[in-house]
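I would like the entire structure built from these sequences, with the hints used as guidance.
Residue numbers (numbering that gives the first Met the number 0), protein chains in the order written: chain A, 0 to 462; chain B, 0 to 299.
Do not take every clue at face value.
[Stated by the list, open to error] No farther apart than 25 Å at their CA atoms in a straight line, the calculated lysine to any residue pairs in the SDA-like style are these:
#1 Lys-271(B) to Ile-284(B)
#2 Lys-211(A) to Leu-95(B)
#3 Lys-432(A) to Ile-31(B)
#4 Lys-211(A) to Thr-169(B)
#5 Lys-89(B) to Ile-80(A)
#6 Lys-211(A) to Met-33(B)
#7 Lys-89(B) to Phe-205(A)
#8 Lys-286(B) to Glu-21(A)
#9 Lys-271(B) to Phe-205(A)
#10 Lys-89(B) to Tyr-75(A)
#11 Lys-211(A) to Ser-244(B)
#12 Lys-130(A) to Phe-354(A)
#13 Lys-211(A) to Lys-130(A)
#14 Lys-89(B) to Lys-130(A)
#15 Lys-147(B) to Leu-158(B)
[Stated by the list, open to error] If you want the footprint, here are the derived chain A segments under chain B, 3+ residues with CB under 8 Å:
#16 43 to 50
#17 212 to 219
#18 222 to 230
#19 360 to 369
#20 418 to 431
Worth flagging that the hints you see were computed from the coordinates, not collected in a lab.
Beta carbons: idealized from backbone N, C-alpha and C, even for Gly.
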Amino acid sequence: MATTTYSTENAAGNLTARALREGFYAGLVAFGLFFLFVGLETTQNIRNELVLNQRWGLLAIFVAVAAVGRFLGVLYLQPWIASRKAARAAVVDKAAPEGFFVRNFSKIAIVALVLMPPVVVSLVGVQGSLKWVDNFGIQILIYVMLAWGLNIVVGLAGLLDLGYVAFYAVGAYSYALLSQHFGFSFWVLLPLAGILAAFWGMILGFPVLRLKGDYLAIVTLAFGEIIRLVLINWTEVTRGTFGISSIPKASVFGIWSFDVGAANNFAKVFGLPMSSAYYKIFLFYVILALALLTAYVTIRLRRMPIGRAWEALREDEIACRSLGINTVTTKLTAFATGAMFGGFAGSFFAVRQGFVSPESFVFLESAIILAIVVLGGMGSLVGIAVAATVMVGGTELLREMTFLKAIFGPDFTPELYRMLIFGLAMVIVMVWKPRGFVGSREPTAFLHERKAVSGSFTKEGHG
Amino acid sequence: MEYFVQQLINGLTLGSIYGLIAIGYTMVYGIIGMINFAHGDIFMLGGFAALIVFLILTSVFVGLPVVVLLLVMMAAAMLTASLWNWTIEKVAYRPLRGSFRLAPLITAIGMSITLSNFVQVTQGPRNKPIPPLVSSVYNVFGLSISLKQILIMILTVSLLATFWYIVNKTALGRAQRATEQDRKMAALLGIDVDRTISITFIMGAALAAVAGTMYLMYYGVIVFTDGFVPGVKAFTAAVLGGIGSLPGAVLGGLLIGLIESLWSAYFTIDYKDVATFSILAIVLIFKPSGILGRPEVEKV
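Quick look at the structure:
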């Protein structure tokens with residue numbers, strides 16, 4: 000007995016020593032990393048020369064946080080994770096019956112989304128609802144729709160596309176230009192924008208048919224940049240960086256309009272006080288319908304031969320070919336379908352903002368959409384929606400955190416840290432859950448009974 | 000003709016910078032098969048480190064010779080950038096090494112966003128100009144070649160020779176090539192795979208930091224977004240030359256630099272990047288594995 004206690008004591012002592020050592024190294028590394036960037040700040044003085052500002056206190060905080068964090072991590076967090084892992088392995092894996100909430104999650108979510116605008120309006124009033132419906136509701140749903148669209152290309156067909164934002168741009172500019180020059184309405188141009196984007200998807204698809212993996216990724220990235228650069232430089236048509244402004248608003252199928260002067264103005268017809276919130280609520284339902292359409296089409300396509308061909312292509316291209324699947328049409332349809340939904344989302348974006356400029360279609364947007372798809376669990380529609388809500392909603396929430404000013408002083412602007420936190424969150428979530436939020440897969444084709452399998456069994460995606 | 004040669008020299012200078020960044024992409028891709036998206040931002044970080052060290056040196060030791068100044072800037076930039084890339088590999092890429100292909104790509108994109116915003120938050124979003132360090136210009140046969148350009152090209156060539164030697168002639172290079180071919184087999188034969196991969200990241204970052212210092216010296220200004228465009232172009236260069244191939248990366252870098260400067264000189268400057276990317280697409284359509292890349296043979 001005595002020996003065992005001794006050995007555990009000894010182990011504990013070793014652990015503390017190791018934690019101290021690792022904490023020290025972490026502090027040292029942090030010092031090296033942050034010495035130049037945090038300890039010193041380059042600022043312009045009155046004569047517009049660069050001078051250095053010293054911030055040794057801040058540097059000390061950074062180093063201390065790294066050292067103490069690493070120390071505590073090694074001492075407490077790592078043993079805790081290890082013991083939890085062991086405890087979980089010891090328990091025989093008995094599948095807990097899924098609760099009512101989990102089973103009907105998507106239905107509950109849809110009902111909640113449909114009910115959201117009236118509930119918000121009744122809680123905070125018509126003007127107060129603007130922020131929640133527009134900044135959170137519409138903003139998140141646009142990303143959900145884009146991510147679901149990209150999911151067809153990346154999650155189902157396994158084609159890594161880093162230039163998805165190009166189709167979003169095509170859709171937005173199609174609506175902006177055609178509505179201004181020809182006066183077509185939103186409902187005519189929405190399908191047209193989708194078709195145009197799908198054509199661009201095929202145009203991109205043809206040259207890259209022979210490319211695989213990362214070569215495909217770089218060419219799609221290049222394609223996205225080409226579209227953006229053309230939008231910037233073709234000033235006669237696109238007005239370059241100034242963008243296109245005063246894009247016409249959408250109407251409720253031509254019955255009611257949201258233009259203030261119009262005779263059939265929505266608020267006037269129903270005798271409501273004038274407010275831009277009605278338009279936003281209408282747009283909320285439009286994007287909700289569009290997003291649900293994307294999800295519906297994806298779910299149906301996965302059960303069709305073309306959807307199965309996509310998933311087969313993702314898992315093994317050579318096997319796919321030898322089974323007689325035409326990989327050319329399979330790839331092209333994946334690109335075209337994904338691009339079409341990007342185009343829909345783009346024209347919706349144009350009608351919502353009333354303004355488009357190349358600024359909105361930078362590579363960062365493609366990266367964010369791809370990150371949402373991967374973080375959500377590649378192919379899992381629910382997972383992607385959750386990821387979009389967490390990532391986009393989280394960063395939007397940061398704008399609202401005015402109480403942080405009370406802690407960090409009045410100069411503190413949370414918006415400045417928005418993208419920094421977004422980037423860090425991407426890394427942390429990925430390292431923590433490499434298979435995304437929804438890690439289990441539901442196979443489309445199965446023998447006898449449908450079983451969820453771990454994501455690690457599939458190459459990538461939801462198959 | 001003189002105009003053409005002049006543009007050729009400008010293009011080669013630019014191409015040298017791209018080539019140096021491209022080596023980092025190509026080495027990392029070769030050894031672990033991932034696109035290190037944060038590499039462009041490591042380049043930017045190197046440039047910023049050089050800038051800050053420049054400001055320290057000029058404010059503490061007045062009247063330091065330019066050669067010493069440049070060497071210290073470069074050394075500090077290399078150290079800082081290497082430490083960053085080493086840390087990033089350790090915390091963001093290593094835990095995902097056995098995971099599926101897209102996982103490290105996403106953390107790399109996340110790191111790229113993090114790094115550029117980190118520099119924005121800590122150093123401010125404005126352009127950071129420095130006074131010209133090297134300003135002499137020589138006239139040779141009616142061409143004007145600046146000392147900066149000569150320095151950049153000499154540095155690129157000597158660094159390349161060093162790296163070529165390391166990769167092809169030393170034990171470390173052998174370990175790198177072995178890890179590249181078959182990681183498991185290399186580990187069985189006693190190669191410390193983790194260490195080899197870490198060193199590869201450090202080497203790539205050091206070259207990117209040199210490129211960053213030269214970029215700062217050549218253009219005299221740096222800003223936190225400067226990692227993206229040169230990064231994408233350098234990656235394009237690596238793919239164009241055949242990713243995984245060291246001479247390919249440099250060849251690709253020089254080609255991209257030449258295309259860019261010649262296009263700007265003879266056509267419009269607005270569409271120079273469109274030209275670069277279009278040529279990339281065209282080359283890949285006809286030669287999908289790049290100019291010097293080995294075609295990938297897939298065994299079933």
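Next on the checklist: Let me make sure I understand: some of the numbered hints might not hold for this structure. Which ones are they, in numerical order?
Outcome noted: Checked against the structure, the hints that fail are numbers 4, 7, 8, 13 and 14, while the rest are satisfied.
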